[in-house]
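Enquirer: Below are the chains, spelled out letter by letter.
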Amino acid sequence: MAVKSTIEIDQEKGNFHYDTQYNYDAGTGLDENTIRYISDVKGEDKSLLDFRLKALKIFESKALPTHWATQDLENINFDKIRYYLAKGQQPSRSWDEVPDDVKETFERLGIPEQERKFLAGVEAQFDSEAAYSNTKEQLKKEGVIFIGPTEGLKEYPEIFQKWFGKVIPTGDNKFSALNSAVFSGGSFIYIPPGVKVRQPLQAYFRINAENFGQFERTLIIADEGAEITYMEGCTAPKFETATLHSAVVELIALKGAKIQYITVQNWSNNVFNLVTKRGMAMEEAEIRWIDCNIGSRLTMKYPAVILKGAKSRGEVLSIALANDRQHQDTGAKMIHAADETTSNIISKSISIGSGRSSYRGLVNIPKHLKKCKNNTECDALLVNSKSRTDTYPAITLKGDDNSIQHEASVSKVSAEQIFYMMQRGLSEGEAMSLSVNGFVNDLISQFPMEYSVELKRLIDMEMEGSVG
Amino acid sequence: MIELRPERLIPQNFQNSSLEMTNKDTFTNHLNRINSAPAWLLDLKRASWDKFVSTSMPKHTDDTWRFTNTKNLNLDKYHQISDIKSIKKESFEEQSNQLNLISGKIVFVDDHQCRDTEFDTELKEKGVIWTTLEDAFLNHRDLIKKYVTGKLPNLGAEKFGSLHHSLMTNGIFLYIPQGIEIDLPFTVYNWTSTMGMAVFPHTIIITDKYAKVNLVSFFKSMEPNIQNLAISCSNIYAGIGSQITFTAIQDWNLKTQSYHLNTANADQDANIKNININVGSAYMRHEHHTQMFGLGSKTDTYSLSLTTGEQEFDQRSLQTHSAPNTNSDLLFKNTLLDSSRTIFSGLIRVNENAQKTDAYQTNRNLLLSESAEANSLPGLEILADDVKCSHGATSGRLDDNQIFYLLSRGITKKTAQQLMVFGFLEEIIDKLDNQDLANRVRDIIRKKLPK
Chain A
1 MAVKSTIEID QEKGNFHYDT QYNYDAGTGL DENTIRYISD VKGEDKSLLD
51 FRLKALKIFE SKALPTHWAT QDLENINFDK IRYYLAKGQQ PSRSWDEVPD
101 DVKETFERLG IPEQERKFLA GVEAQFDSEA AYSNTKEQLK KEGVIFIGPT
151 EGLKEYPEIF QKWFGKVIPT GDNKFSALNS AVFSGGSFIY IPPGVKVRQP
201 LQAYFRINAE NFGQFERTLI IADEGAEITY MEGCTAPKFE TATLHSAVVE
251 LIALKGAKIQ YITVQNWSNN VFNLVTKRGM AMEEAEIRWI DCNIGSRLTM
301 KYPAVILKGA KSRGEVLSIA LANDRQHQDT GAKMIHAADE TTSNIISKSI
351 SIGSGRSSYR GLVNIPKHLK KCKNNTECDA LLVNSKSRTD TYPAITLKGD
401 DNSIQHEASV SKVSAEQIFY MMQRGLSEGE AMSLSVNGFV NDLISQFPME
451 YSVELKRLID MEMEGSVG
Chain B
1 MIELRPERLI PQNFQNSSLE MTNKDTFTNH LNRINSAPAW LLDLKRASWD
51 KFVSTSMPKH TDDTWRFTNT KNLNLDKYHQ ISDIKSIKKE SFEEQSNQLN
101 LISGKIVFVD DHQCRDTEFD TELKEKGVIW TTLEDAFLNH RDLIKKYVTG
151 KLPNLGAEKF GSLHHSLMTN GIFLYIPQGI EIDLPFTVYN WTSTMGMAVF
201 PHTIIITDKY AKVNLVSFFK SMEPNIQNLA ISCSNIYAGI GSQITFTAIQ
251 DWNLKTQSYH LNTANADQDA NIKNININVG SAYMRHEHHT QMFGLGSKTD
301 TYSLSLTTGE QEFDQRSLQT HSAPNTNSDL LFKNTLLDSS RTIFSGLIRV
351 NENAQKTDAY QTNRNLLLSE SAEANSLPGL EILADDVKCS HGATSGRLDD
401 NQIFYLLSRG ITKKTAQQLM VFGFLEEIID KLDNQDLANR VRDIIRKKLP
451 K
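Same order as they appear, the protein sequences are chains A and B.
First residue of the first sequence? That's 1 in our numbering, and the numbers climb one at a time after it.
First residue of the second sequence? That's 1 in our numbering, and the numbers climb one at a time after it.
Okay, chain B solo, but in the shape it has when bound (with noise of 0.2 Å):
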């Protein structure tokens, strides 16, 4: 039997203490927890930790690296060790009640669970199954070993990766049966609460054949100044002719070091949306790899980022076309204010069978300030030759003549500039097709935005 409670995950004797997250000690700790879990999943944790131990840390010279200021990354001040028994319900009960109309919530504050699942009961009588995985691991052995692989978008943060496959300890499981469609979206927060508190978020969704599913997930923390480290990993799989869409909402405070490693993987005749709404973070890496392998799938990623005072965001796309006749698009938003700084490095691989592939990368970059930074490598590696793929990267200011044309209508300068900027990430927000949602991330952006 796996017991996996909160007060399981903390061990007396390290109460107080600040562990390195590459001492040995961490991972034997760690193992010492959840040592009813099932064999298999231990398996993975010791080899994901050997990976982990043996890849070095990312160095700028690293071609998956480049341009990131590699020396800002450090694994040493965090910890595994929630203070969860102190946090009161209210401060974030409120807060993880950003859309009215859902299918299911999970709460996570510090990586526990920490109110009861919200969950449609109906849906659950169809056989959708909407859990933790601390209970996958209980009562969905079976299913869960399948998806429990230990898969990274492989776009050069292994060792991040890999450390969080060895330490991870819960998230959320989604499997939605043949034929059933789910229009209302489930969501999940994520938040951290402690000092130095690492976490590892992990998301499965799984569609059956002709299934459809929605999920967003926020990832937030609860005080401004708390130092954490999020390493979040999801992988997405969606069966012959089901349909997927994810947003994550990446909303860590300014002092968050985060990871955010996705994957999604389309069946034949699948379509998966992936959105991403990139506001926190002191540094974010997001990896994101989508692979096509399925005869006619399709997948749109697009992404929206609003950088300011020293932070950076390093985004790597790969978009892969394992099938023919397959489609996909990308689009990158980023706008940047202060000394902040971007990294879009995307790549289309198009392999020798994959004729007939559409494919497209696009990334915009809006820089405000005179000392934003913005760094652009899209690629393309073509390897069948009856495709159309392009891509295009820009960067630059607002346009002169569109503020003047607002100052000549009596609008303020800032007004103006805001609502430039608002016309210029709107196409993103637009993509989420749930105007609660548009409506939760306008108010994010207006709040960033300088007053």
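Chain A on its own, in the form it takes in the complex (with noise of 0.2 Å):
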């Protein structure tokens, strides 16, 4: 039942919400009870609920890690979090189905509902329930698998257990326990051999509840020889206490097989954005992350590809821009596990005003490998005096058939650029958007077209105020 309300607009980006009557709810907090109440709401057998509850255990056990990250996690109130909301709908099979607050959401975000038509499949995640999923026929026709984890389970039980955690193991970081124990929505996608999808499979996800921690789950498997891009883009709008998104997303490139996978991350300031993407190359394998992360209070996301096979090849290009207030911990891990593979990591970043931007990065060459290559760049830009940037990588190499090169820079916006630029009659901040747009471009260039158009609007808005 759609409810219409008045639509709060404000004139800041993203800074609306509508009140949404929620039919579940598992209140505040996180226990045993909590995990029972989604499992069950869900529907899910009792070896799911097990995996959750010894999930549970695990996040409790874990300390958080600010003995390296920022002491910022600390003002995390994990009591104060709701763990699950949903309208209790089965995801909509057509656009007419999709609730008509929910449909004007996605007007006021932009997007037009050609662009969707464009792309093969849209899957808009509202709160934690997808309200919109629709794969072409043609993909289906392909046997492209495109719904959400909890129906990957129970429709394709062979091919979601025989990955689902195998990448990212529930107790590989305090954060993934959490999203494993607590998960609803996200997506399941399977490839079959050989189909290369054309246009990118696209889901836009949305927070809109106050203290509402989104833990979506996600899992693509692009058997061999298959292609495809996935693209994730999300805007929230502000709260006044903290809100929480950890996520986990786990890729498997078989033999053969390309994916890329995109994200633009613009949540409103207050979220904590603490997100685990791995994927995993066999041989021959491409796996591709491009990041771009605008938005949030605290994001630690570091993307990481594990070259399992012979030959195979992980890519990061990451763009991150630290407003006032915002840090933004990111960076990229590459772990070679076999010979001839090759992996690659760009990373730019841009601090303005008080914002703190840092790099984080793992590269790996541990055995007796032969002819594995790793190339890094990580450049950093400041914009005012208070910015701060860090860099802390972490490279091992052993052998000596293998090569690896780092390279980091930092600078600030080039005094003369902008002198050029005001004498042509525009704006200090108009020049500053040019100059840090002009930084980041060649990265964003690499990004598909209609996320390369927002991105750059982005920026330009982010950079509004930023100078005087």
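One or more hints might be untrue.
Here are the simulated EDC-like pairs of lysine to aspartate or glutamate, each with C-alpha atoms no more than 16 Å apart in a straight line [said to hold, decoys possible]:
#1 Lys373(A) / Asp399(B)
#2 Lys370(A) / Glu370(B)
#3 Lys412(A) / Asp386(B)
#4 Lys371(A) / Asp386(B)
#5 Lys386(A) / Glu381(B)
#6 Lys212(B) / Asp142(B)
#7 Lys370(A) / Asp400(B)
#8 Lys412(A) / Glu352(B)
#9 Lys367(A) / Glu340(A)
#10 Lys412(A) / Glu381(B)
Computed footprint of chain A on chain B; a stretch qualifies when at least three of its residues, placed anywhere within it, have a C-beta under 8 Å from a C-beta of chain A [said to hold, decoys possible]:
#11 62 to 73
#12 361 to 370
Ranges between beta-carbon positions, derived for each pair [claimed, not checked]:
#13 Lys71(B) / Phe419(A): 51 to 59 Å
#14 Asp50(A) / Leu254(B): 49 to 57 Å
#15 Asp63(B) / Glu377(A): 19 to 27 Å
None of these hints come from the bench; they were simulated from the model.
Backbone N, C-alpha and C define an ideal beta-carbon position, used for all residues, glycine too.
Combine both chains into one complex, guided by the hints.
Expert: Written as structure tokens, this is what we have:
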């Protein structure tokens, strides 16, 4: 039942939300009952409930990683967070069935319907459950599966269970354990052998409840020779108290498969965004993470690729923009585990006002491997004198037949460039914005068209008021 | 009156017993031996011992010990009892003569001065102080008090640093008064000669305004098979507009566990150049903290390492810029053979007020065997916006094309590889700016490379 309400539109982007009536609500705080409740509502079998309960124990036993990460993590009040909310709906099959208020939310986000029609399949997550889910007939014929993880387990247990939790074990870190305990929503995608999905699969996520943590779980399997691009983008309305977002994304690229995973993260400035993303690339497979972080209060995200098969390739392209009171703690991990594997990391960060951006990287070429290569570049741009940037890479290389190179640089916006542009009639803000866009341009040009346009717009908006 | 003569340092009743470093008696006995030392020094030693006792041994999960095989670290087998009386002077005399043209020389064996201080009398008359710490505690009490402060780089090895300060007995003190420029290097030789001996060489270099000085420190073992613990600390203070060059040749034998904990502090417009040649030790921890607290100061830190066998070199550096217009450069080059390991962890920290900073940090690792392992943690923490900072790290192998080029000209593979290694390391040797010393370093490298 959709509820029409007065739209509280603020001029600030994303700063609006509707009163939404939630049919299911697990309340605040986290204990065994919360888990049992979630599992019950979702109609899960006992094995999954046990999986969740075990994860809860691991979550509780692990300390916050504040010995290397920021102390800000201590400000997360796990007892005040809602761990599950849903409208109790089955994912809609057609656009007409999508409730009007949900449609309005997307309207406000500026996702045109045409674009969605253009895209292969849209799964838009409204809070915990998928509100809209439609995979094109063509893809269905080819045997592509694009559903939620709960359905994935019910309908395709033999594929799902083989890989679920295998790339990122529950105990990998505190937040992957939390996700394993309370996950709901997200995507399960399977691309059969040899199928090349031409258009990107896309999912929009939104948080729309105060103190509501969103814990989606995504599992993408590209079978031998398959190819897929998955896009995930998010904006969230502003709330007064901190919100937690903690997703787990697992990718499996079997022999010769290619997966490209694109994220544009623009949560509001009170969201803790603590995400674990990891892919496993088998023989001659390729996994590429394109990661763009603009929003949130604190983001900790280090997309990883385990290069398990010979000649596999991993890549992380990342852009982070940290504005006032934001900390973008991002990076990449490349674990080489087979001969002739190659990896590439390019990271660009921009710190504005009192923003802080950190790069944390891990490159590991451990045993007696041959002909492995890694290239890492991280560049940081500082816009104001209060801005801060850190770089903390860790590189291990064994053997005399591999090579690694890492380069990082930090610089400020060139005064000459700004002067030149202002002389030609641009305001200081416009000049600054253009200069920052120029700094990330070569990375953004690698993004699909609709994302690069959106991204440039987002950077322009973030740069508003950053000077003077 | 302080009496720190070698014979006094050998307590008769402990002559043949081995003491564990962690044993409380070790410190009590040490205090008894130096009971005539100034009260402030005894206080510093007591505080350091308390810190040593209360600090736990490093674990590999500690952030400052990432990648280190911490299980190999131990303090249990060592003592401070030298059998120095049985040492023949000839055994080290010849080898304590690496450079011909020098301004002064001091030789220590097991932390005891074993021959008279050599010192250019002209410089002495100008007010230059070149002496042992033992002597400085006696004859330069006020000056030395300002500079023996227990200062450490604080990059993780505080337990070992505290042990150094609590048990340290000797070292060198070099002070250059205002406006005195000295080109010929001062040299100090630190030898170990007794099985199980723990040594704590201490180095203090102070330059007053516009002074200039150069010190070369050799760390060597008299026998290839004695096991020693060496915890060396150096603190350098460069006054306004002064220049200090400090070179450390770490050539302990391959059984030694060594810690070289250094700080370099640069005042306004001062220049500090620090060059480290590291070839010896089973395990070496090298910590280096350069701090530019004066406007326009500049520091350059260079390191050359050649590791073989099971050697592990653990290098941690911090470049702190706490004043505007400061400049720092760092280049660490490691060549790894066999199953050796290196760890380079560097951080450039630019504080809020340190605008117009230029800071660079580079680590290059050359791996020559399939089981060698190089770890690199080059870090940046930038809190000011008007800066130019960069770091780079590369790890790799010899270039096949270059080897091929040499082979095609009739050069054997072994020679070609040697040439290439020298080519790789020459960049650091070149910084020594002293042909004599450069040749000594080349000798050391040639000796260590596989024949």
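Enquirer: Determine for every hint whether it applies to the structure shown.
Expert: Right, here's what the structure says about each hint:
1. Lys373(A) / Asp399(B): The hint holds at about 14 Å.
2. Lys370(A) / Glu370(B): 9 Å, holds
3. Lys412(A) / Asp386(B): The given pair, whose Cα atoms are some 6 Å apart, holds under the 16 Å limit.
4. Lys371(A) / Asp386(B): 40 Å, violated
5. Lys386(A) / Glu381(B): Given that 16 Å is the threshold and the Cα spacing comes to 13 Å, the pair holds.
6. Lys212(B) / Asp142(B): 23 Å, violated
7. Lys370(A) / Asp400(B): Judged against 16 Å, a Cα distance of about 14 Å means the pair holds.
8. Lys412(A) / Glu352(B): The hint holds at about 14 Å.
9. Lys367(A) / Glu340(A): 13 Å, holds
10. Lys412(A) / Glu381(B): 14 Å, holds
11. 62 to 73: holds (count 3)
12. 361 to 370: holds (count 5)
13. Lys71(B) / Phe419(A): 51 to 59 Å: 58 Å, holds
14. Asp50(A) / Leu254(B): 49 to 57 Å: Holds, since Asp50(A) and Leu254(B) (Cβ atoms, about 54 Å apart) stay within the stated range.
15. Asp63(B) / Glu377(A): 19 to 27 Å: Given about 25 Å between the Cβ atoms, the range holds.
When held up to the earlier numbered hints, the structure conflicts with 4, 6 and fits the remainder.
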